[in-house]
Amino acid sequence: MVLELAKPRPIWQIMFSTHHTDVGLLYTLTSLTFFFLGGALALGIRAELFLPGSQIIADSMTFNRMFTVHGTTLIFLFLLPFASAVGNYFVPIMVRYKDMAYPKLNAVAFWMIPPAGALIWLGFADFTWYATPPYSAIRAPGPAADMWIFAQKILGVSSVLGAINFVVTILKCKHPDLPLSKVPLLAWSFLSASLIIIVAVPTFAAALVMLLTDRLGVSGFFDPSKGGDPIAYQHLFWFTFHPEVYVLVIPAIGMMYEIIPRFSRRPIFSQSSGIFAFVMLAIVGFSSWAHHMYSTGMSFTEKTVFMIGTLAAVPASAMHVFNFIATMWGARIRFATPMMWSVGGIALFFSAGAGGVANAAMPFDFITHDSYWVVGHFHLFVMGTIAFGSIGFLYYMFPYITGRMYNEAMGKIHFIMSMAGTVMVFFTQHVLGLYGMPRRVFDYIPLPEYIVMNQIASVGAMIIGISMGLWIFNMIYSSAKGKEANMDDPWNLGGKYYFPHQAKTPHH
Amino acid sequence: MSHETPIYRTSPARTAKMMAIMCGVCIAGGLLFFTFWDFWISMPPGSQMAKEAAHGPAPGVAVTGKEFDVELSFIESSDFKQLAFNALPGTEGNNPDIMANVGDKIEFVVTNNGKSFHAFGVTEAVEGFEGIISGTEIASANSPLKPGQSGKSSFVASKEGTFYYICTVPGHREMGMVGKIIVGPAGEAPKAAAPTGVSHNFDLNFVESSDFKQLAFNALPGTEGNNPEIKVKSGDTVTIKSSNTGISFHSFGIVSDADDPNSIVFNSAIGSMNNPIKPGETKEVTFTAGAPGSYHYICTVPGHAALGMKGNFIVE
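Going down the list, the protein sequences come from chains A and B.
Heads up: the first sequence begins at 1 in our numbering, then just goes up one per residue.
Heads up: the second sequence begins at 1 in our numbering, then just goes up one per residue.
Take every hint as true, because none was put in to throw you off.
Derived DSS-like pairs: lysine-lysine, alpha-carbon spacing no greater than 30 Å straight-line:
id	chain 1	residue 1	chain 2	residue 2
1	A	K483	B	K17
2	B	K17	A	K98
3	B	K231	B	K278
4	B	K283	B	K310
5	B	K81	A	K226
6	A	K481	A	K412
7	B	K17	A	K481
8	B	K283	B	K233
9	B	K180	B	K115
10	B	K241	B	K278
11	A	K412	B	K17
12	B	K241	B	K283
13	B	K146	B	K115
14	B	K159	B	K105
15	B	K310	B	K231
16	A	K104	A	K172
17	B	K180	B	K146
18	B	K310	B	K213
19	B	K17	A	K104
20	B	K81	A	K303
21	B	K115	B	K81
It is worth saying that the hints were derived from the structure and are not from the lab.
Bound conformation, chain B alone (with noise of 0.2 Å):
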């Protein structure tokens, strides 16, 4: 075979020189690379887990030296839809509220019994993920609470108000993950305030299903106006008219403990178990709010807070 011109061939040293090249580039790269590691590795400033990081620990607040457990669990309906804590939306103990006064230490042992990663803070931010207060937090997004693991934390509450423990992974809080954790002044037995003269009228009336299986105040669960939560401050004068809309019998009062008929407080029992408001009816009753605190109004006949008639009164 003749060629015009000769056929060169690549050389050890021609292949030696563009390796070299080559790897000289990839080699400054690299230094160039790691020269950045702590740069490339550093957390966005908008993000949750910067902020996790820069929250110092919680300021100064005298510490009442109560202290309460709160066991806490996660779990999802089965289609993964819904999301909450102990039970799943619409059953008892979904979400619990959780009450407290400043200075209150609340103990959190939380499990994961579902089948999805979770983890666990609170915070104070009305919806989202972040802000979550330094050590509160069990587990991470990126360092999740597997199924079947459990953590524990604590949380002293810093000031009155309302916090939400949550699931920090992102979107879970949105399906259903979050709960209330209402804070009280500070005290150990809050005192009532003086009467401030300021009355409100409330409308609360008993509404059933058809099936009689969920019952409400105002509205049935999943409408609007279902329950409203009521605040007033402490020594205004409230009166609460109450119309029996339904056709079982019902009884109203302002309780300390939801799930204690008993535990009337302020004198604001309309009829009794023994002497309900028949449907049709409507009475009313007017009282003076005490002292303040989470409160409950529900249905006083048992089992009817249970089924739903239930809802925060909340005395500021």
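The following block holds chain A by itself, in its conformation from the complex (with noise of 0.2 Å):
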């Protein structure tokens, strides 16, 4: 590991290095926190929504809180911060450089984290991760949200950071012998990842402004009392947030492309079509913010735009999908552990895409917004691609962090009943939003209809409990006692790829 990677250092010597795998490590290590952190909470939200009426949490305000901190936590604190930490690994490594442009700035953007985790944990805020307007202007109790608030902005202030270093550590700091064609994939989808946040994050910015002063009481950006207008916040919301979307799945897809030609043995089928469908998801990311808004009262023709725009990113989706498959196909597949959460976070890709198609639609978004169809759908993405990807890319990284292996048959049990558990939940959610059950309820009428689906998606998230808290078991025991891993090649695949333990040593 960076913890081993030279002559064994104090730990305090790591914490405050800005050398790229030392800060690696650190969001590695932070992201994970987070993730157990944000999943307590949802098994908290699952075990409440277990039967009609209030099981473990006094009341909906405690509820609201509740889904707020999780889909802050998990978003903002997981997988943002653990996207970070492989391309700090990464991608100086890939463009052949010593570090990243500016060491210095990493380890800012770094530990502006922890204080904004500190600040949303602390606060406590009840008004959902979109501090939608009217009420968060005018209601939402007091300093927790203003607490969320700054949160926000350190965390965007974070990520322009570490986006502005790695695009110019690919872009300026990659080795002259190497053309930006030839550039891994990984290191091209934090280069897109990266122009997104650049372009997209500044938007929310200001509306955060606008909110906080609209909070103060000495503007009305926001509050239709004093002729502000509350969707003017959704379209600068989701301005940013569509496209962030894209900045999550982008790494968690570079991620499968790092994994899935080294365990098929072969080299990746089209690079140049992976490089394309990137550049593309994040240009079309741009065109559909506002198909979360259909139901706000939108023009025909600005609902058929944003609809076409939506489906322009169906294609260069599928574009990365048939590249897996035509890498895949007729390969010498090693189904190590790695191995298994790509694949199993490609079918969960396709599954949340398709009902994404769907969604696009208007008539049929018309009748599933606001429902669990929404929250199923995102949760595919987020859960069944992103973490799914990550995940996978956690076990890769093990023995190279650690220079120990983890223990392969506990990986794969766990990725098999995180695979049932994803699907149990996320899967019914979406036809219980079809029935339509609300989301962001504490409470919900007790049809056997939807108590039966709540009861099948509170025990698949409690199967993905018990699996994650097989994994922390299995990364502490290994770390400590797992069997020395060959370092040049961990799975016994043949041939030599990337020696990210070869990364150079720490000079700062």
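With the hints as a guide, bring both chains together as one complex.
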């Protein structure tokens, strides 16, 4: 591990290092901590919904706080930092540079995350991760909401700084002998995602300032009683956060581009189509934000434009899936744990995308809007695709980080249980949505169909929870006592790819 | 395999140190978090729930001892776009007005006959779901009445004026779940004030829809000016001029009970069922408003009030 990359150093030296692998380690550990904290909230939410009525949570306000912090934590404190962790480890190695372009900026970007996480968790805001006005502007409870807004500001600055660092590292610091078209697809995914962040995030930053001044009572941008327009916030929010969805999913696909050729023991089927699809996704990601808002009374023309803009993401996504399939086709695949997570992730990516295409059709969207369908749909992306890709990649990095091998059998059980649980929870939620169950509810009407489907989902969530417990045990135990990995080829695949463990020795 | 530098692997001791740091951070954070538990389960100062808690018992009111029961039920239209008490808008018994005098105690028995969740309360606020008077609430938005459940509460009218009984689930009031409680002044039998010398003129014209299913004064239901509410002071001289612009026969009267065309008060009748105002005719009546209270002006032809020829006449 970076922990052990060079001569063993005291842990505080790693914590305050600016070397890219050390910062990568900090990102990894922080994001995993928040993954388990946010996951615990998810289990609480599912336990509450196991039966109608109040089970373990006293009132709806507490429930609102729980799913708000659950969503905020897992998106901003798990998925994004984990992608940064992978980028920190691999991007400099892949472009053959000694470190990130701006090492100190890199460390600053990381150290903004713990205080932001503390603000989110100590405030425990209750206005959902959208913070939609007028509620958030007028009535959301005091310091909690303001703490959440400041945390988002900090996280926004952090991701912009990280994105600038990646862009400069890839474009300006790559080895002169390495043409951009030969830069590995994992690094390309970080280039496209970083460009999206730089374009998209400022809009939300502006919306947050407007929201804050609304809350302070000095302005009324989103307060209808002062002539403001709550819908304007939604436009600003989704202009950032629909592209942000691609910021999350593109690095996860990049991770699969690293794992799938390696475990198929073949080069990627088409490097250029992968690059093209990443760039396409980064562009069309900006043409679909208002599909979150079909029911806010937009004109038919607007809705049609955004429907087509949404469907434009389909070919690019399908290119990735076909690229994966063509790479695996007829190859001598070794189904080690990272490969299982990637293939499972592709299957769920396809399912999530199919639901998304159906949902993009606006007549259907009016039925599914704000129902559990939406919850099932985006969780298939964030859990089924992005978290699956990320967890698989962590298994892939594990021997390089610790010098030891994880327990393969436990890794496979972890995958099988998570896959089954994810299907149980999120496929069921699609059906639940079609039966009309609204999202963000603390209690529901005791229809037999609702009860049965909620119970299937809750049992699935518990299965995921147990498998994640298995995972953390595997990680901790194997990093201490796992068998020593063969650092040149931990999975006996034959041949060599990159040599993450040979990253330059930290000098800082 | 030879390496230029030896490979160092994580040792149990180092894993333990990392775990200690991470768990330490989480435990410290958890301690901070639960120290602030009271803060983050507290309600914002502007919230409905905080106001409910802040309301003390109603200020001392001389209770008249008069009590009456009001049964209400929550109902919804099948498309869920219209909500109401007792009957859907446009049908008999929709959101009934409740008349009371200061000091009267109203016992509510409220049943949820819909498919959604509802809660009950009485407020003075003209809109919104805040300011629920303590003791009148049945369930709450956070812990509502489920379909089929019912509850009881009571309301003692503490002062004159108009109160509203509503569904306290946010948004339901705006969709129609609201009715009035009109509280007259204290005293068992309100007395008419001395003539004030003030006089009012009102025009109330009978109108009918072309299919004759909707009747009203001045304008058809749903249009501006339909069954206007009239307010006068006790002792005022009131002149009502009434034209029959329809094609049927009508007659006018101010009644104390809207369902009983015979309960005419103040000698306010224009015509009667047997001697009605014919189509195109205009007649008028002048009278002195008597004891304060809430009355109705109706078409005294039986059945017409139920079809919509009914408005509020309030004597203050």
